[in-house]
Amino acid sequence: MALLGENGAGKSTLLKIMSGDQSADDGEMLLNGAPVHFGSPYAAISAGISVIYQERQLMSQMSVMENLFPGALPKNKLGLFNKHKLYTDALEIINKFGLPIDPAEKAGRLNVAHQQMIEIMKAYRRGADIIAFDEPTAPLTDAEITILFDIIRELRADGKVVIYVSHRLSEIFQVTDDIVVMKDGKLVATLKTNETDEGELIKAMVGRDIGDTYAGLNRNTQYGDVLLDVKNLRTPYVHDVSFQARRGEVIGLAGLVGAGRTEVARALFGADPVTDGEITFDGKVVKFKTPRDAINAGIALCPEDRKEQGLILGRTIKDNVVMPVVDKIANYKFMNNRRVNELADTAVEKYSIKTPSIDKIVGELSGGNQQKVILGRWTSEEIDTKLLILDEPTKGIDVGTKAEIYQMVCDFARQGIAVIFISSELTEVINVADRIIVMHNGHVTGQIDRADATEENVLAMAMLD
Amino acid sequence: MSNKKDFYGRYVKPVVSHKVFTLVCLLVGLCIVFSVWASSVGNRFLAASTFKNILASIILSSFLTIGAGCLLISGNIDLSQSAVGAFGGMVLAAAISETGWGLPWYMGIVISLILCAGFGALNALLIDKFRFPAFIGTLAMSYMAQGLMRMFSAMGSDDGLAKNIAYQKPEVIKWLGTGQVGSIPSGVIIMLIFFIVYGVIIARTTFGKKVSLMGGNREAAKLAGINSRAITYILFINSAVMGGVAGVFNTSRLGQGQLLALQTNQFTGITAAILGGISFGGGAGGMGGAFVGLLILNTFQIGMNSVKMNPFWINVFTGILLLVALSIDFLTQVSSSRITARRRRTANA
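Protein sequences appear in the order of chains H and L. For what it's worth, this note's numbering labels the leading residue of the first sequence as 21, then goes sequentially. For what it's worth, this note's numbering labels the leading residue of the second sequence as -3, then goes sequentially.
With the Cβ distance kept under 7 Å, some of the chain L side facing chain H (calculated, not the full set):
hint : residue
1    : Thr201
2    : Thr202
3    : Lys205
4    : Gly212
5    : Ala216
6    : Leu219
7    : Ala220
8    : Gly221
9    : Asn223
10   : Gly279
Heads up, incomplete: computed chain L residues facing chain H, CB under 7 Å, no partners named:
hint : residue
11   : Arg200
12   : Leu209
13   : Asn213
14   : Glu215
Read the hints as simulated data drawn from the structure, not as lab findings. The beta-carbon is built from N, C-alpha and C at its ideal position, and this holds for glycine as well.
The shape of chain H in the complex, shown without the other chains (with noise of 0.2 Å):
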């Protein structure tokens, strides 16, 4: 069963009530036909319904093979735990999910998607009737997507009761029976999978037909003199990666995860360093030590995390925005805090960021939001960005805001910023961007026109070795 809806629609919430984490106001909830209560997550486990969150809940110190059977540790005949069937049993599932994990590893060390089908495997260890997916094929590659999806109808086909939570809907019509679309809270549709279409979908979702979301993108055709020109970029992860982009251009990056685009990203911001190779931005070959000095530049980064990297989640909404140009508004080394209200009401004001304050916390706004909060610092007036380097900025959030951030995309290519567009959404890179630049494993393995590219070819590309 696919639970549906936008960000904020109440679907981690519903799921966080099932699995004892938070408590019901009112209602009852009913498993195998008895009301049930659990007053903490400890007891939705033993009912048997287990939920994997978007945020790892991974021990990170620990191997792998812990983290499959925490509280679960097999013990031998002195009572100490017997670390070889510990070993032998976690590599029977990691197995059996077909998956390149040594159980020794320390679990903080594998990538991502690894990590993620961690939290997969435990759930099924756990011999749950009930197991929900909040989002779980955000940080995973199409191949593990695959076999997700198998182990996903294995378990449909033993008799147990997948919940999964998505914004992408293609996979939904892959794995699912049955849809419950939620909004605003409620419930606003229960539908039959093969009866429906993501027309249908998208309406029942934000309560109007938002039509196709690419076709309708107020697009640049009017590009600049070449802006960037990086010649054989290396870097300890990055390995020889040369192209260029000009002024209007969108450029999507595209890759599995761990391909390095986002070592690209960073490389060219001055954040990580540069071993070898040549960056021309601007007219001037340049080496950034920091991300000041790529700022003064005019470059502008909003990073793959948001909150960890992007935003200062516990300052307001004009801190965030500021950020970068304290000091150029500065009074005499002193803040000008006129100016800085100005400049946020600016950027609440031109991306309708729903906030009743600038004074807001950023923690407490939408995903949707919080990308709007670092659009309007990097395009503040005070702030001259020449090229704006976008990390996956559309991950988790909505259908609807999505397409606002694509068409802001288009609008500042008008204005004739180049945009490096990363994201691991095939559909979303190659539909927004105006040249698909494909990376696998720290190389560029292959460039593309819009015009010519299908998530087959870019794909292929992708995967090559």
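Put chain L on the given structure of chain H with help from the hints.
For chain L alone, kept in the frame of chain H given last:
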């Protein structure tokens, strides 16, 4: 009617909802409790001399608090501060005593503070460049500072053993340690000036803003163009120099470089800063709060003395006070985050 509401909204509410207001209330409450309690054991607590005592007693800790507070706001911690301060105090004594180098007083102070700054720079190097956790890097540094302090102290002695270094006090040093302006100790005035200057820097300047943004999320601040490296160096050096200033005051007051200097103050700076609402994880708080936090800490200790409490118990109760203050801070944070969560849920629904 609406004017009245405006008055409340503009002047009353911001004051009442400010963290420092709670702290001031706590301070006033402590004073009331102790004045009642003290009179019941036949002592006077509410007297000008008591407050003068309290102010005079916080001079040394105040510099430590300023250094530690700024660093905590930026999300770092310095455990070596008081050891470096003791080292600085000893260097001053060795520099100006006849048995040592016999330098003029100003050279002594300059050399002492420069060496302290060196320790601060080393701390920053360990933490910024070599990625040591601040807790461990500065702990190691505090042992080194203690060892070097003892080496300096052994310099003037005949038998090569570490001992306090005595010296003839020049006028200026005497003024720093025991002088008065009117009836106010000179140290109190210097301390207040420091608090005001640092308070303005933290609350009003772009540098202060960047310090607290960095404390809020170091990585995000760096990616938004805030030079966290420079800030880390400045604040660690500042912390060590503030320790040095405390050491200089201690040496000036006692007329000798003391082996046990600042030992009882080892954690006062950090304690007062946290008591004053500077969050341990960084990103929140200011100098006003830290100052009141320090006042609370010492009012409590002097109050305990005035009610003739066994001095051993005073430390026990100081610990309890810190726990209570932190729980209040934690509870208000939890309740406000609960309110936010509820608001968010209703907003989403």
